[in-house]
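Generate the whole structure from the sequences, applying the supplied hints.
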Amino acid sequence: MKIIKIDHVAIATHNPSGFQELFEKLMGIPFDGVETVPNEGVNTYFYPVGGTSVELLEPLNADAGLVKFLQKRGAGLHHIAMLVEGLDDMVARLKQSGVQFTSETPTKGAHGKRIIFIHPKSAGGVLIELSEQQTDS
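By the numbering used here, the letter at position 31 of the sequence shown is numbered 31, and the numbering carries on one by one without gaps.
It is possible that part of the hints are untrue.
Below 30 Å or equal to it, Euclidean Cα-Cα: the simulated DSS-like pairs (lysine-lysine) are [claimed, not checked]: (1) 121 <-> 68; (2) 121 <-> 108; (3) 121 <-> 95; (4) 121 <-> 72; (5) 95 <-> 5; (6) 108 <-> 5; (7) 5 <-> 25; (8) 108 <-> 72; (9) 108 <-> 2.
FYI, nobody ran anything at the bench for these hints, they're computed from the structure.
Here is the structure:
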């Protein structure tokens with residue numbers, strides 16, 4: 001169990017096209033595609049930058065949890081994601097140490113990764129995603 005790298009930094013927005021203009025046309029960052037993550041209620045737009053990515057999060061509908069975040073805070077930084085090896089062991093160890101998560105178990109995220117979020121109450125006010133790449137068995 002170890003942290004491999006910062007996988008992505010996520011930005012919440014109702015209007016990804018505004019960021020697309022900035023990233024693609026003005027900064028020359030290539031667009032790597034959009035993926036819908038139904039269990040999180042979002043569309044994800046990825047922009048690879050130097051071994052990591054910037055991820056734009058757009059709510060799918062008014063019921064998405066991201067809508068509450070946007071109403072309270074507006075568009076901006078949503079979370080930092082760390083790619084880990086041994087996700088289940090890491091989650092168990094963190095839970096034993098009293099770390100709170102936003103869900104009990106990992107769920108399926110973008111790019112087929114298993115993800116779980118550390119609650120901001122346990123991380124100095126920052127939402128942290130732990131993700132693990134699924135391997136074909």
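Do the hints match the structure? See the list:
1. 121 <-> 68: Holds - the C-alpha atoms of residue 68 and residue 121 are around 17 Å apart, at most 30 Å.
2. 121 <-> 108: 23 Å, holds
3. 121 <-> 95: Holds. Residue 121 to residue 95 sits at ~13 Å (cutoff 30 Å).
4. 121 <-> 72: Holds - the C-alpha atoms of residue 72 and residue 121 are around 17 Å apart, at most 30 Å.
5. 95 <-> 5: At roughly 21 Å apart (the allowed maximum being 30 Å), residue 5 and residue 95 satisfy the hint.
6. 108 <-> 5: Distance ~19 Å between residue 108 and residue 5 Cα, so the pair holds.
7. 5 <-> 25: 28 Å, holds
8. 108 <-> 72: The hint holds at about 26 Å.
9. 108 <-> 2: OK: residue 108 and residue 2 at ~20 Å, within 30 Å.
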